[in-house]
Amino acid sequence: MLRKKECVAMLLAGGQGSRLYALTSNIAKPAVSFGAKYRIIDFPLSNCINSGIDTVGVLTQYQPLVLNEYVGNGQPWDLDRTFGGVHILSPYEAKKSTSWYKGTANAIYQNIRFMKMYDPDYVLILSGDHIYKMDYAKMLKAHKDAGAACTIACMEVPIKEASRFGILNTNPDGSIYEFEEKPAKPKSNLASMGIYIFSADKLFKYLELDEANPNSENDFGKNVLPAMLNAGEKMFSYRFEGYWKDVGTISSLWEANMDLLGVTPKFELDDSDHVIHSRSPLSPPAYVEGEVVNSIVANGSDVEGKIVNSVIGTNCVVEKGAVVCDSVLMGNITVKKGATINYSIIDEEVTVGENAAIGAVKEEAVKVESKTAGITVLGRGITVHDGGKVAAGEIVDKDV
Amino acid sequence: MASTVGVIFSSINDENVPELTRVRSMGSVPYGGRYRLIDFALSNMVNSGITTVGVITKQNYQSLMDHLGTGKDWDLARKEGGLILLPPYSDESETLYKGRLEALKGATSFLKKCKQDYVVLSDSDSVYKLDYSKVIEFHEKKNADITLVYHEHEVSKSHYYVTFETDSDDKIDELWINPVTSGVKKNYINVMVARTSFLLNLIQDAIQRGYTSFGRDILAPGVKNMNLYGYKLDGYYANIDSLVAYFNANLDLLKKDVRQAVFGDRDVYTKVNDSAPAKFTDQAVVKNSLISDGCLIEGTVENCILFRGVKIGKGAVVKNCILMADNYVGHDCNLAYVVSDKNTIIRDNRVLAGCEIKPYFIGKGSLI
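First to last, the sequence lines map onto chains A and B. If you read the first sequence in the numbering used here, its first letter stands for residue 1, the second for the next number, and so on. If you read the second sequence in the numbering used here, its first letter stands for residue 401, the second for the next number, and so on.
Next comes chain A alone, as it looks inside the complex:
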């Protein structure tokens, strides 16, 4: 019997994430830390394994080092397989040409041979910058039941935000009659989540047509999906209800972290029916001596200061007399005594010196005009010297 996989997932992880500024100077967006002990890519990878999909291609391009190291052989997600498993797919040199991935569709096109190794009936296309829990098996069933060529996961968004998304205009049976990428005047509030299931033969056919078209930008939303609609292919929407967040901006990343707090949070990580797997570090439990209020703290941390409404990542040290409020500390961060951090996102490996002051209290900071809506951002690996100050809304990627 020939071995095959019914469904192969392709995870687009090449985006630069330029709207995360200093947080993505050296790492790809899917490798950015989230929720104290995770990286963004843990969510789609965990969704795959929790949905019974054990073959995943991860398409990398921009700053892949940390991401490659993190994904490794896929063991934390049970994706180390003799047949299938997780594979990093970077752009490669071919006999006739060498090319970077030109667009989302081109990235998938360049890896058609990878997908064909598994002889899949369906291909699931995912993005590496969303926080959500989803059972793709249910979506696949809907795709099969509808006999669709392509199924697009979607959810309702506030109409005033709809122009930031790809918008689906659908018939009552869920079939799509129009797809508009970031329309100025959206006709509906049904936004594409960037999650597509294609019947494999259709995907390969339209990717090849798209590649042959010199005017195409080789993008799913702009080119491939409209082309399929125009050709009269059956395309369906799949309504997702639940928590889903695009963490492509500083403020959405901050909000998504805050959505984890509270006894009944907007997004529950402690869910035995849908465990989010990650490459958990080998740290002992957190030592807590200080005041920790409405916060989450990961293993390996040593908290002797005060933490309020914050997310404290693995191996963070918050010394006596230090105060962290409304902030996200990603991991391996030292906050020395007397320092205060307000309304900030602090990237990994940062040291904040004694009595340093980062950001301003949230109520004041939100009034500050900045690219980050008042959130202060300290980039990876920097040191803020004793007594140093960083004003609200600033993005810092050098020592201060």
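Don't read these hints as lab results, they were simulated from the structure. Quick caveat, the model's predicted, so the values are computed rather than measured. Each residue gets a CB set at the ideal place from its N, CA and C atoms; glycine is no exception. Mixed in with the good hints there might be a few duds.
To be verified - Derived lysine to any residue pairs resembling SDA-like cross-links, with alpha carbons at most 20 Å apart:
#1 A:Lys336 / A:Ala357
#2 A:Lys306 / B:Thr700
#3 B:Lys714 / A:Asn309
#4 A:Lys5 / A:Ile49
#5 B:Lys687 / A:Asn315
#6 A:Lys306 / B:Gln683
#7 B:Lys479 / A:Thr82
#8 B:Lys656 / A:Val293
#9 B:Lys472 / A:Asp78
#10 B:Lys479 / A:Gln75
#11 B:Lys719 / A:Glu289
#12 B:Lys714 / A:Pro265
#13 B:Lys655 / A:Glu319
#14 B:Lys655 / A:Val293
#15 B:Lys719 / A:Glu304
#16 B:Lys714 / A:Val293
#17 B:Lys515 / B:Tyr528
Claimed, not checked - Between beta-carbon pairs, the in silico distance windows are:
#18 B:His731 / A:Asp145: 42 to 50 Å
#19 B:Gln683 / A:Asp135: 33 to 41 Å
#20 B:His731 / A:Asp135: 32 to 40 Å
#21 B:Leu767 / A:Lys371: 35 to 43 Å
With chain A fixed as given, assemble chain B onto it according to the hints.
Same frame as chain A, now just chain B:
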């Protein structure tokens, strides 16, 4: 380091802490919030470059197997060597092994297949950091037959133990088994190094002579007819030989210097569970405690070790307690000096207390 194979006795001192070993072997006794005792013996070996480890089991080793799996969390899932479980061997004429020597007898076929020059034997009832490459260097330098690792501390035991004296060259010149004595002694920690071939000959000889006790029949006479050397283990050492010792060894981790000694400058490998980070609510008050991933704290916690997934209800006050994985403490409970095994439910408003010298123990899966 010279090629070395490790052998761990996972079940040899089970009777010392019957409360905790009723449902598991010593090696799989939970410790320090996320570990099992065997993690320390295994991590010492793995961090010293040992890549073949045999684990001798006895009965009730299901929980140990569940913990160790294929050994991948210790980087011991290998084609060559790796982690090998050595379940007890018995046929109709033999019963399960009783002592260390009989247990070793069961491991001879494993050891014969090993090509490694040296073998390290270790129990799994203690918490410490040891670099075996240094022990083997010492062993080679002294041209020893057997090197016994010792730790100097006050003798306080009431059951089987070995102490010895060494001369200025670290050679063991006197050795006592279960002496009636007091004060600071050189206590053998049941970790030894020998050439693999030497150990195999010893075992073979012991079988032929009908020996039963490794200490009495081999080590004690060995002082005269072998080169026995003592290697000193410096730094923190905790031996879990009673429930109180277990309680104290856990609470020791609340001291910064002990945490540094046990966890610093190295990784302690363990089975990884993907629990969410610990969550603290508005009402949480936490002092001087270790809090693991998966915990939800809504009450007051002081001087405690909380394992993975422990939930502390509103208004509950928990002091000086060791609560193992997935304990649920209802609202307004009051707990002091409690050691609670896994998966326990303590209903709302319960008041439970032990004391420093006799912690109150709650068995696995209890409902109170």
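Legend entry - Hints breached by this structure: 8, 14, 17, 21
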